[in-house]
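Visitor: Hints in hand, dock the two standalone chains.
Spelled out, the chains give:
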Amino acid sequence: MGLLSIYFKSNFLGLLKCLNKLNWFIVFFSLINLSVCIYEDQIGKFDWRQTYVGRIKFSQFDTVSTAKKIIVATEENVLAALNLKTGQVVWRHVFESASTGNIQLLAITDKVVTVSGANPYLVRGWDSATGVLQWEWSLSLENDDQSDFSEWWVQNDLLIHMLPVFGSHLEVSMYHLATGQNRGYTSKLPASWARDSSCVVTPPYYTCISGEKGSQQLISLDVTSQAVQLITRPLSEYVNLETYDGGIRAVDGSSVIPAFTIEDKKIIMIKNNKFEMLTTNVGDASASVALIDIANGPVVLQAWMDDNQGFTMTAHSVATGAELPELRVTDRNLKLPDPEVSSAVCTKSNREQLVCRVLFNCGDDSMHLMQQGGRVLWSREEALANVVAIEFVELPVSDLDAAIESEFDQKEAAKMYSSIWAAFSRRLQTQFTQLQTLIQSIQRGEGLEEDAPSALVRDYFGLHKIIVLVTDVGKIFGMDNLSGAILWQYYEADLDTEGVVVFTRRTARHPPNDAYLTVVGKQEGTGNGLIISLNPITGTLIGERLLKLDVQLLQCTLLHRPDNEKLHALILLDKEENVQVLPRSAAPLVENMFMYVAERNTARVQGYALVFNGQEVEAIRTWLIQLGGAAGARIVRALAKPPAERVHSPGRVLPDRSVLYKYVNPNLVLFVTEGPDPVHKDVVVATCVDAASGAIVAAQVHRRARALPHAVHTEHYLAYLYYNDKHRRTEIATLELYEGKTRWLPAGAAFSSLSSERAPSVERQAFILSAAPTAAATTVTERSLTDKHVLLALSSGAVVEVPWVYLEARRGGSGEEGVVLPAHAPELPLSGDARLNYNRTLARPAAIHAAPAGLESTSLVLTTGLDLFYTRVAPSKTFDLLKDDFDYYLITVVLAGLIVATYSTKYFASRKMLKQAWK
Amino acid sequence: MYFQSFAVTSLLVLFNYAACIDYDGWLNIKIEHSLNCGTEKYCSRGNIALKSIRAGAAVIDQIQFNKQHIDQLKSLADIDSFYTIKTIVTSADNSKGTEFYSSVKAKAFLDNGLSDVINAWVLPNGAVIAVSFQVTNSSQPLPNKSSNKINSNFYLRYVEQAPVPDTATYIQKLEREREAREKGDVKDNKSFLAKYWMYIVPIAIFVMISGASNPEPAAQGGR
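Here the protein sequences line up with chains A and B, keeping their order.
The opening residue of the first sequence carries number 6 in the working numbering; numbering runs sequentially from there.
The opening residue of the second sequence carries number 172 in the working numbering; numbering runs sequentially from there.
So here's chain B without its partners, still in its complex pose (with noise of 0.2 Å):
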């Protein structure tokens, strides 16, 4: 069973993680942000809506940035401040919903043209822990328009299940090991020459030597 479970982790991937999630259902990321809000803390700034956890597509609509947004920003990050997004994960067995919070430097958020990637970790159980919204490296320049349209990258990832001990395929390996010994003893007929030449050959060696070096001092004394 061991094994089974351990082939299917190794080998197909993706099948690993639907297997790791015990649940399906829908899922809805409801992203609200503190920019241009006018007198409440917190807007709206898109929605990331899910048909299946297991199957991992993502709607994402999100709001464009208007000039006010991008001014407001611009003024965090005069001051290096973080743009705090704030996010609402809601599914079909927790309507109430569940808070997460995460930041991006307002000025690296501005410095990449308004394109983050946005991870939410799910358990196998279907619940959210942790959507956490980074900025992606791209460099590129904040296209001069009226209107500018926030990049996001949305990846649902799995907890994944620890590997367990790995029992079965060692003793596998210890039966295999002790039948290739019992098979050994069987089979071990190999001539005397050809299980011990290494013994053999360096007393011949030394024999030889010897025996080189021998008759020169009886030459010396014949002098």
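Excised from the complex, chain A in its bound form (with noise of 0.2 Å):
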């Protein structure tokens, strides 16, 4: 102690400077390191996050400025500029989703010029290389209802607008295109001669159809010219009258020369003035034409799909209609769905030859850049900007660990292997295949390493999983979790997807039965049931494949007990409440099954039990409530608990020890209805319904509120969110179900709704979020050890982790095993490092799925929108998992110390002991 004092004394005053010194270095050190919730060097490491678009509206090839890029507007109302090489997004502007972000023209002069919006119109021009905006000015039309059919184009500087009046007139009008200044007037072209249903824009002409049916006349209009010019011809001259359709289109593409096609035959051109029809016919009815302009003049390119021959691309020369046979295209192997020339563009290289690239639109939403003689430089899955469904599959294991576990298992082991001598050779059997695997790893390893990166096989951890995402469009893709890789996709241009549901019905774990997943949707037009079924590791149809039913589907459900195969049965009911159980086989199976019906519009909600009666499943409706009364009201959304949910304990204990049990009712249901009150305004409702025995558990009203479609549903507890009309902002209700300090049911009883007739005690609370949510959903775990947190995507971009313990109703108090609970506060805390995406933003995103890991500690995150964004959560901390950047060196050279240390002592004292025995 007196060394330290002297030490102290001499240099205490030394200390203070020093300190002072390193005050400074805090400040400085805190400036630069903001505060992440992630280390830096694991930004992207499980996490990824994709960028989308959405389906090409407009396009041009950007080929003024030197880095050579691709322009699209989008129907997405996203503006973006694409890489031309690889396709990625160079830079992106997302507009407001609904009709006021509208992209109505995209033009390239020296800037990227925008017309977007619904009356009134701005009018914006974007740096082409960065994407910034140079300048905007707006433009509101006087006549609102014409509006809509407002046609725009650029043409010398001049931003041109006009505005069919349908048999009367045309009102063109012209702005300088940087400023907004009108040229002064507003012309009126009289034609009296336009239809709403037989006109097309080819700038600068305006051609239309006009006339009885037999004496049809094509005239035409060059509208920003000065004197009045009408091009007209009679139709006969063309196509052949009596099998004439009224259909006219112009062409696809940007094109600079004004064309059209006429009943998807012919493909008319103005020129000089004059009509002149080409001596190329359209080479399919299904093809997209499109106008070029190469070196050695103007080029009519067609693509078209064939189911046989696949597809097609053909050039033909304008002026002499001699084909190009560097431009022709055919690939049997190509799918592209109804392609569409969205631009193309053509140079000579320095050795003469032709460079085009043209820039595909396809049915699938996709879009595909391709060179001439056919090769696809890229591709952008453009559908996954619009996900409707979402399902993680599992991966099966590899054929090795297959063979052990199967070996392992008590029954199969108990049924085959009766002898021990049995159980002997087959053990030796495995060893030996696995001796063997162990050989032909190492001779691959020497040899090339050019096979997949990994396997599609299970990981030790179960991190590694299949998402099958099912999109708008109709197209159905398998992605890799880990890296984000399209694995495979499949494309069905009649599925509906509204309301499409996925289920799994038969997991990877039970080789060797392939795994199994079905998309049930709706078909195009009819409204009828559509099935695919398909293997979701490769993507392929199996089972029932692609099956189109011709009935209406009112509800769907997997039968919770697998049949001999390990396959859960699909139950169907249609609308004439037939049930229709796929296979048809397991229909014995079906034994206490219950289903509910909600109609969105009504709030009429039915239940059927589901009785098989020696033959066949049939529908018994049993009841029947009406959530909005008899004025009505409306179902904004009905979210039962995840299926196969575990819930880890029964109960809660208290901190004075005693235990509240949680009513876990496996058939209850969430439905928040809004409907109007004669008070109130707009009431939302909230209730909890059994949808076996259609009881109300719980109910709560909301007055002066608006609901919004996102809640949560899991174990003893919900949440949902609804906007409070009065205070305007947005709040979450929760609820939380308790049957009470004593067990309603003796420990591992099973639950029935039908024999339950006292009610759960509800805790109520609800919070004030100070922000705008778009999506909820909580996190899933293996087993519920793990808490459960709430994520919360937001409009702003982000996706935030709300620890449930900040949503309970008891908050403030102390909770489980003494934790003390955080202080009860009106707001939901929302802080910076609970945001799941740090600083990447997503562009609006729409849904949040979860899903369980093989480690209980993690659960696996997708979240969809514009933007796909993945990434995996730990609620309590990765507590079954070393940390990443554990210190494996200095345990190691701990633990050898002290090994060392061991054994030296051991050696000094006992040669000690030696010397003491010989004192």
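Think of the hints as simulated: they come from the structure by calculation, not from any bench.
Positions of the beta carbon are idealized from the N, C-alpha and C atoms, including for glycine.
Keep in mind that a hint or two might mislead.
Stated by the list, open to error - DSS-like cross-link-like pairs, simulated, lysine-lysine; straight-line CA separation at most 27 Å:
no., chain 1, residue 1, chain 2, residue 2
1, B, 267, B, 257
2, A, 731, B, 344
3, A, 62, A, 73
4, B, 245, B, 320
5, A, 527, A, 646
6, A, 90, A, 340
7, A, 571, A, 646
8, B, 238, B, 257
9, B, 257, A, 580
10, A, 686, B, 267
11, A, 193, A, 279
12, B, 212, A, 580
Said to hold, decoys possible - Chain B residues, not near chain A, derived (Cβ > 12 Å throughout):
no., residue
13, 225
14, 284
15, 355
Guide: What follows is the structure in structure tokens.
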């Protein structure tokens, strides 16, 4: 102590000085070191983000600037620049998703020019290299009802707006592109021949087919010229009027030559104020026709897809009608459904060779950039910008693991190896195969390592899965969750994905049976049921394959009990209240099955009991409730518990060591309805209904509120979001259901909805959410041991993780095992470190899907929307996994040191003992 | 205002129920079932009449089950089927009536001596959203008589008003805390020892221990 004080005395001032200096360092470093929720080196390690733009509406090759790009404007109201070589997004602007963001025009002058919105319109100029907004002006039309028919184009640095008033005239206005200065007048061109259905715009011409049937005229007018010059020809010069069905279509692509097709057969272009029919006819009724300008003069480009011949592209010279053989492509294996030439550009290279780039926009929302010769440079699957259903699928175990697993499977072992010798020989066999694979792997390792980077087999921690995504357009994707790479795709043009559901009917855990996934949707047009069954690992159709039902479906579910082949049967309830079981052989397994059907617009909910009567399964209507009363309401959200949900513990331990038992009813469904109220404007009613008995378990009403379709429901608690009209803010209401301090049923007894007449106690609370949520979900883990967190996607592009304790009704006290709960606050904290996607902002997040990993601590999360974002979360921290930066070196050194120290002290101790013995 | 309504909810449960209902009026629930109906699908089982929704007192009038009723119920119970009840709710502003269905297992209904619980849920605007029947777990055997009375318990359940985020008490709490802190700043004139004893005591102990151990090496050196 004395020594210490001496040291201190002499250096005390020095120490203070040193601390003073350090202070500045601390300030300095805190400026650099911005707080982030993951370490910087972990960015992108567990997560990935894919950015999409949506289906192309307009596209243009940016040949003006040095860095070659394609500028696209999409149906999703996105303006983006794509790298010509890779197809990656260079820059992107996401406009409003409502009609105010609709892009009406994309033109490229020295700037990228867009017209967006719907009266008022916004005209904007963007820098094509950086995407920075250069100028903007707005334009509102007086004639609001007609404004939908507006046509826009850019000509000689003038923005031309044309508004046809059908049967009367055309209103044409011209504006200076950058400033919006009007040229001073709006010219009204008489055009009594203009008809709504049979007119096309091929700038600067406006062309119509007009007149009585049998004597139609083809009339065209250059709307920008000073003098009104009508070009009129009888239609009979071009097509046979007997068979003419009224089809007229402007050619695809951003062509510079005004041209259109008639009846999808003849191509007519306007040249020198004259119609000129091309000698080239349209090759196929479904062909996309485009006119492009290349060095030897304009060329007609046509592309179509044929079921037998595959993809075909042809090019003919406009002047001579001769085919350009170097641009012809026929590829039997290329699958581009309904290709449409979105834009094309051709240049002559130094060696007098044609270099062409054609951007195809396909019926499955994909875009492909093709060069001459038919090579696809890159493809983008823009269908993924509209994901409607997600399912995480487990991968199968490797063959070897499967053999070992079946060996140790108790039931099977008892069946097959009754004697000890059989088991022994089996053991030897497996070990021999193990040895074989080991040798094989060594041999292969010596050879080429060109195998797939990670084979599709289950990993040790079960983190590797396949994500099956069903998209709005009807394309189904299989995606690797670790890399985000698309493994397979399946396009079904007939699939209407409104209300589509995906079921995993057999996991990959049952070799030799393949995994089995079923998508239940509707058929386009008729609305009848459409069932697609496929193997989620390979994407091939299996089982029922593509099944088109001839009846509309009301509800579908899975049979909870698997059949002999470990397949869960699909139960379908159709409009006539008949039940179909697929496969039919599983019908006798139906027992104690219940279904509910909710009508969205009337809030009528009906319950059915499914009974097997010896021959077939029939549905008996057992209950009917009207959630809106007689006045009617609208169901905004109906949410049942996740199927096959595990509940780890039946109760919660309170601070006084008593147990509060959870009310865990697997049949509980939350309905959030919204309806008008004579006194309180709009009311939101949340009702918890037991779907088996039709009894209402709990209900509550919010006055002057509007419902939002976001809710979570797991174990004994529910939460849903609503908009409070009175305070103009979003709030989240939570409900927790408890049986009380004593159990209703003895431990292990199955819960029965039909014989429970007691009502659970309900704990309610509501919190303010200081953000606009767009999706909600909870984390899911394998055994539900881990805490549950609520995941909220916000319109700001963040995905935030909120621990359930913040939403609990009993906040402020002490919780389980004396854990202090956060103090009560009316506002839900959304802290920066709770943000899962750190600085990667997501455009329009629409849904969150969580799935369990093999590790208990971890939950896999996929957020969809315009962007896809995948990450994994550990709500209770990774308690079953060593940290990523775990210091193996240090622990080895310490361990080795300890061993050395033990043995050396042992040696010294024995020497000392020996010496003492000699004394 | 929030505080007030909160107090009302927490203290006066009965009054709260009454406060939940914006509307008062009569309510009539017609009960029909499909036992012993002859040619028709559903026939009357009874009627529940309420003078006032707010008061919630009901007059239940139901038929007595005769042998045919029981026999049909038994045949339903044999195939473990459902006994379905249809209810038609009429009120002052809903004269047309709203239909509801509910079912109980026929076997359970018989085993418990024809006793059931009827829950009718009412929205604050007086609209009924559900009428559900459940069997009470009373395990009374069916008395072997020619006619049996149905034991029904009727409960009118009100859809409660959901809690609102409790901002008023939170602000009050914050203000109280702030006041306490302000007062605390002025009043904190405890003595130096009283304030920092927790730092002084360990140092003192440390000094004492080192002081006690120091003489020992000196003594050793002296030897």
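Visitor: All hints are to be evaluated individually against the structure, with a verdict given for each.
Guide: Quick rundown of the hints versus the structure:
{"no.": "1", "hint": "267/B - 257/B", "in the structure": "15 Å, holds"}
{"no.": "2", "hint": "731/A - 344/B", "in the structure": "24 Å, holds"}
{"no.": "3", "hint": "62/A - 73/A", "in the structure": "20 Å, holds"}
{"no.": "4", "hint": "245/B - 320/B", "in the structure": "16 Å, holds"}
{"no.": "5", "hint": "527/A - 646/A", "in the structure": "24 Å, holds"}
{"no.": "6", "hint": "90/A - 340/A", "in the structure": "21 Å, holds"}
{"no.": "7", "hint": "571/A - 646/A", "in the structure": "23 Å, holds"}
{"no.": "8", "hint": "238/B - 257/B", "in the structure": "21 Å, holds"}
{"no.": "9", "hint": "257/B - 580/A", "in the structure": "22 Å, holds"}
{"no.": "10", "hint": "686/A - 267/B", "in the structure": "24 Å, holds"}
{"no.": "11", "hint": "193/A - 279/A", "in the structure": "23 Å, holds"}
{"no.": "12", "hint": "212/B - 580/A", "in the structure": "22 Å, holds"}
{"no.": "13", "hint": "225", "in the structure": "15 Å, holds"}
{"no.": "14", "hint": "284", "in the structure": "15 Å, holds"}
{"no.": "15", "hint": "355", "in the structure": "19 Å, holds"}
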